[in-house]
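The listed protein sequences derive, respectively, from chains D and V. Anchor point for the first sequence: position 153 equals 153 in the working numbering, and the numbering is continuous, going up by one each time. Anchor point for the second sequence: position 255 equals 1255 in the working numbering, and the numbering is continuous, going up by one each time.
Keep in mind that a hint or two might mislead.
Simulated pairs of lysine to any residue, SDA-like, Cα-Cα distance not exceeding 25 angstroms [what the hints assert, rightly or not]:
1) D/K331 x D/N33
2) D/K169 x V/V1228
3) V/K1211 x D/S158
4) D/K169 x V/G1221
5) V/K1324 x V/P1307
6) D/K169 x V/V1188
7) D/K211 x V/G1202
8) V/K1036 x V/H1109
9) D/K211 x V/F1261
10) D/K169 x V/W1248
11) D/K169 x V/D1239
12) V/K1185 x V/Q1049
13) D/K185 x V/V1188
14) D/K169 x V/K1211
15) D/K211 x V/W1293
16) V/K1185 x D/G177
17) D/K169 x V/G1202
18) D/K185 x D/W248
19) D/K211 x V/S1158
20) D/K169 x V/N1180
21) D/K169 x V/R1209
22) V/K1023 x V/L1013
23) D/K211 x V/Q1251
24) V/K1211 x D/F261
25) D/K27 x D/L234
26) D/K211 x V/E1292
27) V/K1331 x V/G1317
None of these hints come from the bench; they were simulated from the model.
Protein chains: 2
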Amino acid sequence: MDYEILELGDVRLQRGGTLREAKLAYKTYGELNADKSNAIVYPTWYSGQHYENEWLIGEGMALDPTRYFIVIPNMLGNGISSSPSNTPPPHDRAAFPQVTMYDNVELQHSLVTERFGIERLELVTGWSMGAGQTYQWAVSHPDMVKRILPFCGAAKTSLHNIVFLEGVKAALTADAGFHNGWYDKQPVIGLRAMARVYAGWGFSQQFYREKIYEREPIGCGSLEDFLVGFWEGLFIKRDVNNLLTMLWTWQNADIGDSPGFAGVEEALGAIRALSIVMPAQQDLYFPPEDNEWEVAHMSRAELRVIPGAWGHFAGGGLNPVDTKFIDDALKELLAQEA
Amino acid sequence: MDYEILELGDVRLQRGGTLREAKLAYKTYGELNADKSNAIVYPTWYSGQHYENEWLIGEGMALDPTRYFIVIPNMLGNGISSSPSNTPPPHDRAAFPQVTMYDNVELQHSLVTERFGIERLELVTGWSMGAGQTYQWAVSHPDMVKRILPFCGAAKTSLHNIVFLEGVKAALTADAGFHNGWYDKQPVIGLRAMARVYAGWGFSQQFYREKIYEREPIGCGSLEDFLVGFWEGLFIKRDVNNLLTMLWTWQNADIGDSPGFAGVEEALGAIRALSIVMPAQQDLYFPPEDNEWEVAHMSRAELRVIPGAWGHFAGGGLNPVDTKFIDDALKELLAQEA
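Extracted from the complex, chain D is given alone in its bound form (with noise of 0.2 angstroms):
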């Protein structure tokens, strides 16, 4: 095991479910000054875990763990931190209550500010539902975050992001095998079939044109290769509740559901944090006009897109090119004075 474990005892939720004996998996990197000034935030991903997000992290890399403390917390529902496939009964699988990105913040939040007693974090941020949460940490605790990179993401999940999720969600349940999420082994149908819903989103039409999947560093043979190797490979290691309860949190993400705000719109007016917005080009499902809107909302904030033909996965940390434009990026907001 890699990581560790932070307890939290009982915890009550936003939408009201409580969370027992709660528990958040994080990885840090490098040390914690003295004066607890060098600490970044970097949470997870739909699906992913600490390990899948190690590549923004590097000596030389603005995420440098010679100079800076990272923290990735797990996000709640990914298999390591509360689960459905680790929570036991009765709140165990089908039964595993509704968390939100407020939630998974204020987990965050206790594990920085009661394990680590930092009080102030030089940097949130994160990838996709990682965005998702940096955007929340800004809103929840804005006296302190100095700076927040949210890439391929919102601050509120889009109309149109829900229903590409009601896709990967009734193919997810369309597998017999499923049982309402009382299955004693995984249906891998729906999850192999999730997946190539997936497929389609997860990159743009010029990546497909140009046949990207086929070059390094992807490298696949044909497409059916890659639809197998990548996209149901990425998957079918996942637990289909799991999937489920982090669904649950992207297609319910809003900002402007926080305590003490009426929508999104003031949500985003309160963000106090010195922000680059970074969405991709050519992203299917978080486009630029999107972040465009929210960014004309905010107080301190550039919106800078990642050209090219990656879509969504030009933050998934694949393409040197993506991953170097996130990092230049990354770099120039920690120089500038917050």
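Given chain D, put chain V in place with the hints provided.
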């Protein structure tokens, strides 16, 4: 029954199968004139039947039945032309042979020439897979087709579109009730799942962002109402094997795969029809870039993009503004000497 059937006997298919006692269902509008010089062919789209094409036909419109003789042939697999659902054993249901765009057009050619004795077509036009058949007509019978206006479709199905359809297929067949096509009743879980997968693709991000589905002419009460009422309603009335037959035709559509051609570029170059190629600006699976590439390889073609937020369904006849845009182009094209 508001349509007619042409019986074609046993028809050998491009990929080696045989369509036994092939049936081509069609409907005509208007009268064929004495010198048979006023015929238009207007094929159907994925899952659609002739009556779902009629929105583009009317007095005062380009496809004016007081002036033209308009033939709507139903695509093979659509439930009334030869299909898995209406073919007797042993070639019924999951044993129905693979049919291509080329096959579809060959049967339509028999209808037009043998039943009606027509030698020249003023126009072939169609939406989506109807656009694919339009291209195929111009390639298979270059001397016969004077003009084409394919809208929201392609000469060859793109890799990205193939991936989108893999998602549709995976959702449709994940239902255990599918039984590899040998179901006794329609696997409705799969049908509803594929409808939800389709929903994100059919309309643009902007369409959902602005909740255009809540306004007339759609006028749904909520997103869920739209997903059930429009999307599930569109597909649950279809037969699953029929949908899979047409999906195969779609995934394998390529005018360059026609006898005598070495690829799509050569086939595009062989089109002699005066052409307006009309993508929708925000179509997520037939993006304008693909048509732009096609037009660059055609000799007498103009690219004209349908503006606005309706995405692929700009060509579906629901939005009066888009319908007028298409109709205006058809009028202009028909008025030109070809």
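Do the hints match the structure? See the list:
no.	hint	result
1	D/K331 x D/N33	holds (19 angstroms)
2	D/K169 x V/V1228	holds (15 angstroms)
3	V/K1211 x D/S158	holds (11 angstroms)
4	D/K169 x V/G1221	holds (22 angstroms)
5	V/K1324 x V/P1307	holds (12 angstroms)
6	D/K169 x V/V1188	holds (15 angstroms)
7	D/K211 x V/G1202	holds (24 angstroms)
8	V/K1036 x V/H1109	holds (15 angstroms)
9	D/K211 x V/F1261	holds (23 angstroms)
10	D/K169 x V/W1248	holds (24 angstroms)
11	D/K169 x V/D1239	holds (22 angstroms)
12	V/K1185 x V/Q1049	holds (21 angstroms)
13	D/K185 x V/V1188	holds (24 angstroms)
14	D/K169 x V/K1211	holds (22 angstroms)
15	D/K211 x V/W1293	holds (16 angstroms)
16	V/K1185 x D/G177	holds (19 angstroms)
17	D/K169 x V/G1202	holds (18 angstroms)
18	D/K185 x D/W248	holds (22 angstroms)
19	D/K211 x V/S1158	holds (11 angstroms)
20	D/K169 x V/N1180	holds (22 angstroms)
21	D/K169 x V/R1209	holds (21 angstroms)
22	V/K1023 x V/L1013	holds (14 angstroms)
23	D/K211 x V/Q1251	holds (16 angstroms)
24	V/K1211 x D/F261	holds (23 angstroms)
25	D/K27 x D/L234	holds (21 angstroms)
26	D/K211 x V/E1292	holds (19 angstroms)
27	V/K1331 x V/G1317	holds (16 angstroms)
The structure agrees with every numbered hint stated previously.
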